[in-house]
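Visitor: On the provided structure of chain A, position chain B as indicated by the hints.
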Amino acid sequence: MSDLTEQWRERVCAAAAAGTALQVRGGGTKDFYGRTPVGEVFDTRGHAGVVSYEPTELVVTVRAGTPLAELEALVAGSGQMLAFEPPHFGAGATVGGCVAAGLSGPRRATAGALRDFVLGVRILDGRGEALSFGGQVMKNVAGYDVSRAIAGSLGTLGVILDVSLKVLPRPVAETTLRFAIGEKEAIDRLNDWGGQPLPVSASTWADGALHLRLSGAEAAVRAAERKLGGDVLADDAATALWQGIREQADGFFADAATGEVLWRLSLPSSAAPVKLPGKQLIEWGGALRWLRSDAPAVAIRERVAALGGHATAFRGADRAGDVFQPLPAPVMAIQRRLKQAFDPAGIFNPGRLYDGI
Amino acid sequence: MNIAADPVVLGEQEADFSSVDKARVVEALARVLPAGALMYDAEDLRPYECDGLSAYRQMPMVVALPTTEEQVVAVLKVCSEIGVPVVARGAGTGLSGGALPHKFGVVLSLARFNRILHLDPHARTAVVQPGVRNLAISEAASPHGLYYAPDPSSQIACTIGGNVAENSGGVHCLKYGLTVHNVLRVRGVTIDGEIVEIGNHGLDAPGYDLLALVIGSEGMLAVVTEVTVKLTPKPQLAQCVLAAFDDVIKAGEAVAEIIAVGIIPAGLEMMDQPATAAVEQFVHAGYPLDAKAILLCESDGTPEEVAEEIERVRAVLERSGATEIRVSRDEAERMKFWAGRKAAFPAAGRISPDYYCMDGTIPRKRLGEMLNAIQEMEGKHGLRCINVFHAGDGNLHPLILFDANQEGELERAEAFGADILELSVALGGTITGEHGVGIEKINQMCSQFTRPELAMFFRVKGAFDPRGLLNPGKAIPTLNRCAEYGRMRVSNGHVPYPDIPRF
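Keeping their order, the protein sequence lines are chains A and B. According to my numbering, numbering within the first sequence proceeds without interruption in unit steps and concludes at 357. According to my numbering, numbering within the second sequence proceeds without interruption in unit steps and concludes at 503.
Calculated directly from the structure, the hints in this document are not laboratory data. Fair warning: this is a prediction, and the values are worked out from it, not measured in the lab. For every residue, glycine included, the Cβ atom is placed at its ideal position computed from N, Cα and C. Just to be clear, a hint being listed does not mean it is correct.
Derived DSSO-like pairs (lysine-lysine); straight-line CA-CA distance at most 27 angstroms [as the list claims (entries may be wrong)]:
{"no.": "1", "chain 1": "A", "residue 1": "Lys227", "chain 2": "B", "residue 2": "Lys234"}
{"no.": "2", "chain 1": "A", "residue 1": "Lys227", "chain 2": "B", "residue 2": "Lys230"}
{"no.": "3", "chain 1": "B", "residue 1": "Lys250", "chain 2": "B", "residue 2": "Lys365"}
To spell it out: a stretch of chain B is covered by chain A in this simulated footprint if at least three of its residues, at any positions, have a beta carbon under 8 angstroms from a beta carbon of chain A; those stretches are [to be verified]:
{"no.": "4", "segment": "297 to 305"}
{"no.": "5", "segment": "430 to 436"}
Chain A extracted, bound-state conformation:
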């Protein structure tokens, strides 16, 4: 357990004065994500440890360099979890990197995204000021909600020092059902089920098979299982399935051909099948569609925009260009001014999100 705030502050001030770019980095498990990382590596792993954990308050506060696995083990010890099921993408993932990347896993569509569970952050801005936003309580509307905006900012606004996250109890019961159906039918059913009071906690479709995870009270899971039908997966097979999807470790994600880009398509859940060349895996009740494709980026972005969503070149793309969907000029102007507000010298992960941001 160590507090490096003061050393980090000095380093940030020096970098700001010299105009030195800093590549803020935890375990490096998400180095592949976003535009090409540049700058002197700023390793956050030394600032680690649990600041406070109050299971009955449903809040844990940890330093950014704390290993994500350590945090998950800690809360599991009290029967709790990070309900957004963040992907680790490797053994060394840190909590700071997890929050900076802002990525959520299979439970996201029903439990909420990482940003929904961020209650507060302490950061170092580009002036070397340690700033606290939000706090350790569930409801807090004092000041702009800066802590949620830090989530997913890819380390471009500041160095995360500490984070307070809301935790939830682990479900008492869980089961996974399998249905052999096609893409269109899977999207329709997922949206139908989404409108009913069912304890769905995750869903995925690929290769003609829809898997649905139910979580909650024992009685509720059993009742839903009877109502929905389908084949029940063995527990270990179910665990392996959801873990594989969360970590992109096997199956669809592992056997990508060379030259293929893994696209992350975020769409309205009921959007029609995307009908783009390549292979697909659907998650989040239809709202997240992974596409392995060698189709031109412009064709993919246009199709996804027409369906009301946005596309991210998640892995394997040319990272010198746009990885995230380009934004309309007025929104881009606000993003640039926000970057300037937090990081006037432009030293934090420059260009990782967009050119100049």
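Guide: Frame of chain A, contents of chain B only:
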């Protein structure tokens, strides 16, 4: 006009808009608005002089009532060009004075934006205009078995635009979240008249999470013209447990224990004995009057789920020393249990000429300390206080009872409230859980945030509104204001903001 180039300068002292020329503003707005959409005579402006916090009143210079987004764009362009403050307003039910008019400004009422544009039951979303009432969304969604989850107590009247501005909560937000968790996208207009779409019809959007910044921004970043909300399946069944305790601390411990065993109830509310007594004579909910505190714990879901959860809750309450436990047997009884809690504010108004509602949030484990301190403050300020509490999420609503017609009572109530808010911060909480800062709690922001943090808030504002024309003087205090406040409340010889000019 004093127009600052660096937004941080905006945060140093209150901007002076006294040179705004009313005739010029009226003339320019009349050119872009149809007849009947512009008001500037005193008798027409009177209804806009306050919001739900009526202790603060200010007549606006002009009220604009546009009906189309083009008109909003045109109004904002005019205001931007002339340099006039703009205060957006929904139903005016807010409790922190967020919609209090600016003396030299335009009130931009979104009341005529009252249409539900699109409801998609399959995707479970609704696209609505900002003036649509919160409850009207749930009513429209109801035939599809859906509803809009956040339910602030004013939901019959408050608008979704106001909910977005305040990040409103409600009694069910421990389980179902606040506005920020239930809004997918907003469309709005910046002070420069640019239309921006923030968020997405999917579950996330590229770039920085501007949606998180806009929700709860109290009308200081953009004017919202359209909101896409997430709709939630209506639970099949809801049941409520009422538990009585002979000790407030025991009730607080029962709340912690419910959470500790892994239950997230749909609602978890506490009332102290004076609050129970006040509502009982008003609505006759059948509350036990000898209890020092009562808890209401609601469970919702499938019938199987509810039955299982209620049994677990009952076991915890018995272990925690509840002196009486009642489980609602039907919907009528459930509504009766809730009737008392929901009548707490009107009941306070019935037993006292005026009341002042506070909104601090604290870690739940500090509840006992807070209630003891409030009791002492009653003596110190010579006023009574009744306590209702969103116990599940630590959000307190002490209702300070006073009579504004008695010399000095309003000031004492305000001082009482300030003490509660300062203590909320000291106990590791916040000055506002769901009502917003507005004008009411702006001084206490100086206690909760440091000078660099406040400066950063002004920079965030500057990223959207570089000249500080949207709702100036609200939500985020200037450094000068904090210096003044610090001068009034120097504690332990420590002077906050020692290095800025004082007047």
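Visitor: Now tell me if each hint is right for this structure.
Guide: So, going through the hints one by one against the coordinates:
Of the supplied pair hints, the one linking A/Lys227 and B/Lys234 holds, its CA atoms being roughly 18 angstroms apart against a limit of 27 angstroms. Proposed proximity of A/Lys227 and B/Lys230 is supported: the alpha carbons are some 25 angstroms apart, at most 27 angstroms. A distance of roughly 11 angstroms separates the Cα atoms of B/Lys250 and B/Lys365; the hinted pair therefore holds under the 27 angstroms criterion. Look at the segment 297 to 305 of chain B against chain A: 4 of its residues bring a Cβ nearer than 8 angstroms to a Cβ of that chain, three or more, so the hint holds.
Taking a C-beta to C-beta cut-off of 8 angstroms, the segment 430 to 436 of chain B contributes 7 residues in contact with chain A, enough for the three needed, and the coverage statement holds.
When the structure is compared with the earlier hints, no violation turns up for any of them.
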